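Novice: Chain order of the listed sequences is A and B. Numbered per this note's numbering, the first sequence finishes at 751, counting up by one with no gaps. Numbered per this note's numbering, the second sequence finishes at 1080, counting up by one with no gaps.
Hints in this document: simulated from the structure, not taken from any laboratory.
Capping the alpha-carbon separation at 30 angstroms, the derived lysine-lysine pairs in BS3-like fashion look like this:
1. B/549 <-> B/513
2. B/1060 <-> B/1009
3. A/645 <-> B/726
4. A/645 <-> B/549
5. B/1060 <-> B/974
Pulled a few chain B residues facing chain A out of the computed Cβ check, cut under 8 angstroms:
6. 726
7. 730
8. 735
9. 743
10. 749
11. 751
From a predicted model like this one, the values you see are computed outputs, not experimental measurements. Using N, Cα and C, we set each Cβ at its ideal position, and we do this for glycine too.
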Amino acid sequence: MRMEQTNRNKKEGAGGTKRFATFFIDETLLGVDIRMVREINEEPAVTRVPLATKYVKGIMNLRGQIITIIDLRRKMGFASSPQTEPCNGVVIVNWHNEQIGLMFDRIGDVIESPEIDIERPPSNISGVNGELFQGVLRTDKNKIVAVLDIDSVLADETSS
Amino acid sequence: MSDDLSLDDILIMYVQESKEHLENIENDLLNLEREGIDSDDESINKMFRAAHSIKGGSGFWGLDTIKNLSHKTENVLDMIRKRQMEPSPHVVSIILRAFDRLGELLNDPHNSNTMDISAEAADLENLTAGSLPEGEKKSVTRKVVLDHPAVPVEFEVSEFDARIGSQDGRNLYILEFDLLKDVHRRKKSPLDFLNTLNENGTIVDIIYDLSVMGDLDSDTIFSRFPVFVLFSTIIESDLIGTLMGLDPKYVHPVSDEAGNGETDSETQEHASSPKQEPGEDIPRKKQSPDQAPPRSSARGLKVQSDSLRVQVHVLDKLINRAGELVLARNQLLQSFAGGDKSSLKAACQRIDAITSELQESIMLTRMQPINNIFSKFPRVIRDMSQQLGKRIELRIEGREVEVDKTIIEGLSDPLTHLVRNSVDHGIEMPEERQKNGKPETGVISLKAFHESGQIIIEISDDGRGMDGSHIGARALEKGLISAEYLQTMTTDKEKLNLIMLPGFTTAESITDISGRGVGMDVVKTNLDKMGGYLEFDSQPGKGSMVRVKLPLTLAIIPSLLVSSSGERFALPQVNVGELLRIPAAEVREKVKKVSGADVLILRGELIPLLQLNNLLDLQRIYFDPRTGEFRPDRRGKLSDERLLQDTVSCQADAGKGENIPAYSSMPQDRRNHPRSDVNIVVLQAGFLRYALVVDDVHDTVEIVVKPLGRHINQCPFYAGATIMGDGRVALILDVPGLGRLARLKETTDPVRAIQHEAEETGRGTGGVNQSLLIFHNGPGEYCGAPLHQVLRVEQIRVDAIEMTSNRKVIRYRGGVLSVFALEEVAEVEKIAQCSELVVIIFEVAGREVGLLAVPPLDVIEQRLVIDEKTLRQPGICGSTIIGDRTTMIVDIVEFIRTVNPSWFEQSAQARVPGDGVPGKGTILLVEDSTFFRTQVKRFIEDEGFSVREAENGKEAWKMLAGSPGNIEMVITDIEMPEMDGFELLEQIKNDNRFIHLPVIVLTTLAEEAEIARGKNLGAAAYLIKLDRERLVRNIKEIFKENQTYRQQEDPVAGEATNRE
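With the rest of the complex left out, here is chain B:
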């Protein structure tokens, strides 16, 4: 074995083995501290052995500093093991620091001898000395020399060590090994050799003597490489030779008179002396917690990734797959040579299958239990709580959850930060906790689990929690957000998210512990890089929770392929919000130029619009339908006038030498040709949101991320590259990086600055619109579903639909998705026979469901006049005319309720306890459109509320004023004849009788300015029509709040105004 390994390799093995020893030592030590003297022998022995084997190897390699430190640690552990010392927190702290230091030394063994360990060594020596009887204290530092006439070297060890080695029936020997003969020629590695020694006794010291080997220049070939081991064992001298395979003449017993004899009597006395309390230096520690190096909590948290443990069965599987792959390749070559098409196809399929399996197995090898990070936290919390004087218990769940190794590496820092935050800002001081009626010991819990193909990690504490309005005020005060923006935030949860803004910190003073100025924004940036995100939840006074969501792996990411100027690029799917295709004729309406920049108007929202080829300085091209060629396009911005006019500028083009006839004579302007439609990808990363114009949108594919070389390092807008099916390379775009390239700011403020202009355009073009997703079942019928109810749309092959227990399902994102066809409930055309279908995914009753449809899909945005009588049937709530076609509007909730009523029973049962007020409140619904009124009414009544209806504000006001007290909530539309929603709201809030009456404003179009206006007037919530789930949730929340408010009784009138 040693034949194949260079000395360096063996050193690396030693370092790895030592690190493995150190791996779990922290937890063992913390256990030891908790259980004190009663802790079980096995774990103390384990620690002792760890220190011991580190010492053994280090002596061998001449790593004196490591040897020295591990030896002293070993002594202390030995005393604990023999119950001669109590593992008090002070003792444990010193041992922890010693092991930390050892870990550092082992990280850099070559330079370890130059590192300073005097502080750690002195602490340990004090401990050992402190627990010895007075007279013996000096024995720790006093040296004795042990030698033997037949041995050319001398061992200098402390008197204490010499005595320990020769008491309790043990004897000291100097063993002389020959590395060449005894180790190398017997095909052992030095580690094997050390292990044999360790099994039979204790290595006190190791010296190797190079002088024996002579000079390298001399002609004599040296025959021996002697190593001298000072060995303490209970084995008799003649047996040692046999056990170690050593010639008895190389075993030299060390005589007693070598400084050992005179202490014999003391040894006896010591052995029988009662257990000593740790020495005088113990109390010192408590007075000066600052002495504990603060780095101890920051250090040692990096997860090393040089080597990886893989389960054997995973490897076996991998090898099997590799074998199969070779077979399949042979098959492929054979059938290729034979030219047999069908067997070629079979071979391809086989390779396809094996490749996927291979990929899966290889991914498994990268999976590591999350405990690799979690295991660091007991120490972090212990150190911090000692430093801060807090009492904290850590609970950990889901240690075994496995995550990709790269994620584990990237997660270490953010998680540490979050945990520290909990300790520092979350958990209160014991006195404060007691005053608030909480147990003195705070609880922080870490929990990891899988949920829908993601890893969720929750860090929660039962500390003081975070107050949303406080955070909002703070962000405002620091100038991080504008007052209007704050007003648009309805829930506390939204406000909690503000702590992720750069430059935000709530701590009154920045402490050492939660990092100076490095806050949640750093955590967020780190997580963004991994495609993860953060969620906060908190109840002031009760505690808070941070939820981290992460993808399972980073090595393979689902991506959207797009192209621009003939180059392909991949966009990580996590960043893709939606895809838009704006017909050439509508570009003028949808894209506006505001203070020099292009802006996209998307459902009333303004989004910065960037063009990929402009950003990357690629030459724009366009497709010329007449010649069928791509030509360079010199239009600078989409909103440029040249796009809209035509004749003049095009003639100017021609004048510049391009050989194109004037466009005015063309029957069809090329810019109205379908090839001139604008493809837009709406992208999102953290607070950044922008729309990107690309030439073409291709497929969604899973790509393998490959790093770029160092010459391309200075381009932060590339996240790497990937290899496509055709073997060519495509660059992966980094969405935040690209945003920075375009100098977009990570807030929505720039957009708001130009809001005013947008409001006008928004009003001018459309007024209040409803977006519908239009789809077909058969060729003749058109159906529509409100777009905001749609989660996603996926294209599938028909054969991907499986029948399971009489239900249609497809496999989707690692789970199973139920899919339905509209024909199962409503009398509509059957799904047409074709190979590709689309699945429209909705969320209903807390689950995702798919509705099958035939492509193509379309999205339209227009004012809807809905006829809810003619075509009304289950699952169809009415019809409208779009273009020239009758379109049926799908009521997905009713549809699912019809096919699968049990889902609703479950979700209703799950919801009723706790928040149930059904049957109690009467809600006044104000809405002029009969369609929306009946729809919304049905939603609310389904939840058990009774509803009264009014057609406009004036009517509603009459009803309110007529019977004050009967109505507990008002839900109103904005745009109504006679008296609109805002007026009604104003009137309600200005009347003393109704000042506490909650009002929910419903609209078809959520524009920020309108929302702000509603909020200013005192609306409790501002919601989009037909968003059933959200409406119901809001109604219940508001009722619940009101109830608790009433229970608390009125006098605290300030509270009501505080609760915006």
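Isolated chain A, as found in the complex:
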């Protein structure tokens, strides 16, 4: 009995269900493991950082902390938008002890999925760098969510 329970626990820890916060960039639905998400801010006041790397949208104030906002559209090579385009909202993620904002166009639902259902990303996601994704998964409403690999997304290009 006790053994069984431990086994189940083990299974949950290693490959159970996962929850993802999802958001849209254009019509693409992206997901982030919800354990990394600290909060979601809508319409933050963004300060531009001139001459910073092009995918840095700017910086914002999160209760006294300066947060860098990443423009995923540029990072992932979607059709680029002008730098002056307003920021509808950001998902704040914890990444190596730093909080970083990922800019989105629209917020989506939180979805739950067994981890085994995550499929390898199809090699032909149009115009998008496949390395940035852990995989894709389908929601009940038959939508496809591309799950971001935050480490690859935020890896510092300048240091390599």
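Put chain B on the given structure of chain A with help from the hints.
Specialist: For chain B alone, kept in the frame of chain A given last:
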């Protein structure tokens, strides 16, 4: 307690505690070395205890390497404590190294067991062995095994340890503790447990036995976590149990036959044997100083900042404030809900006050005594002087001065470098010192104190000093500066500053000690980062001094807010030199294009001009006064022709599709509209100086610096970011970084390269001008003060003025500033009633004083024709016409002298002894303008010199030639009819009778080329008119030099020519 702490936390506590033990050990050891065998027991005991408690804990955590090393150190200290070993420099060096190594091991406890300590251990063992009688030497390395039938473990210790543990009435026991039962369940921490043991005896060794606990996989829940302690104490076995709260069955006395018995007799003999000199390896050290690892002086200087000690009363205060803040917030919420405006205001005020207090208290927690750095230096100096064979005494003053923790951290390296420099280059070898009649032991002193809101640290030595002309020559030789530039340097002090240039070093050979090629420039860069700066002073042969000035804190910095293209930026106030607003109509005159770059002409000086929005690639915008909108501006450079012409290019604009009517028909060109005025901030950082064009200049605010994320790391032109009052973020610009972005060089050479062009433009536009700061008292009267006398201008509210002992003062930069109104002395309009005033700050008689005025202020630059009769009155030295208005010229020195004569008495008294030659020298003053002549004459006469006047060079020459010998100094203007200043100077210097006669050249405009020309001709100084303080100082200095020169008698004619 242990319930809440994980094992890791306790390990961290152990490491922290151990580091605290190590903190002051260096000084104790150095004391020990100085006082030798007579040093007091307490400090030896302290060191012993330090080694001991480190050992205790390390055994507990299985940190065998640390245990091993601390144990051996402890043995040596124990012998010193028992007067069995003398703390000779050699012994102390070994102990110092051992403690250094321990510190390193403790910095990385997890990997400590893999580190190599064999060198340190062998040294220590040799010491212990060396002081033992012959037969016993081996006992240090020979091992014995101690065990007990009831105990499953064996202790292997050196024979020496076993004997020490069981002599003098002490007995050895093996104690068996259970970590779970005896420690954990009693809510003790392992550290408490170790402390109890240490209070009652000595821990020789600790072993814990995991095998007893069984396998983790097995189902049995283990009930014991035994720890075995080999314990030496004088307490009887039955008492131990009671004291430690230990069941007597777990106390096992170690029997004598375990290798201990046979040495008993020797022990007795040893105890009574006379004190042994340290063994044979002692002399070895002196012959090979190289063996001392050089890292010892570089190491251990980093100030660790993981934790901070805060005084309890500061914390209490903080908690009180936090409480008050909560109350105030409640009040705010309440009044907000009630909609009561007056109580809302009250709540806001309260929160405002509490916030400031809170901020102040929090800042206090960051303050650390500067001794945290200073305490490292005795060791540095000891090690270095041993290595170099010099004898140096270190004096330290102001250890208690408190500085922000970040500054302490950043200061460690630069200070170390400066101190090393003093040791290496400053202090001479003992023989050399003796030859020069100095005591053999050199003195280096470190001094810290507060001065006007800054921290000053002085590092001085009585060594060989630095020679300004030598340094100048060296810089020239290395190609760091140009010959003309060198010539413009008047004082030795200026030349000393050259050692901060990158690539400069005066040492004939670079030694290990003062760093290979890393010189003062690094020190300077480090200090620049903290907003500090360096000053040098030196007298060849007598010694030198470096003065470091630093702000009190870095976390909050006063900054100037500016904006460009709608974005706000903060500029650190320390970098801001001045602010300029150039009316649109004058841009053409003031901004020139030289070899493709914009240059600003500021009082005759050429300054590189950068545009913030161009630099940062922001879109330029301009304000269109007709539509009231901001529009993109496509003008590339301020000096571009499109700015100056109009019709053609604007029509071209329109042709490109912009829907704007042609400007030619506009009654007022938008570029002449006030909104098109150019705002410029002149910035300075070290050797870098440039002007930055911004769209708008806002307020000065105190900002909190916040770091930027790692994705913005590659932008060195941002120093961080800050949060503004509205919650938005503004970037803080890094002034040197921004300069590098624009590829400006850190010398003035690029400017000089284009000097030629500037000279022409300078001459063409204005000739010799005087800059005046124009201000008002009432609406109808205009007053002016020479701009170079003004230190700063500040805007204040009227209610900020307080009356103290019948004087007006304001609080300013952490101090009190006396302020005066012109009406107090002169018959002028009273200060108009308004809520905001400006304070013009001057420096008079060595103090800062403020003059109240009504805004707005203006700065004009023009040739002045001054009427010194019509409106002459106390504090007003004359009047001039500016624009169409009569403007009174303020004589600030006379003004202050009238309101506060006592200041001058004091400063005169302070100045007279030593440099006084008043009443002696006769000075010939050559000046064509009556105004300037009477002014300057008054300055000089006030100092007690007699003055003869001449109106031009020709007249002056006549007077000189008529009575050679009577005149001891000539002060001359440049531009004069008949014979100008340069001609006069040339004539004087070409005449053998006057070759040594000092000549000071006065001018209204200091242009480098002119200064160089004057210097070439042999002028002693080149000064700006009406800069009274500087003129007087120079006159006195020159007189003093001349006097000493005369005392030395003429024959050394070479000296005079050397002294440029």
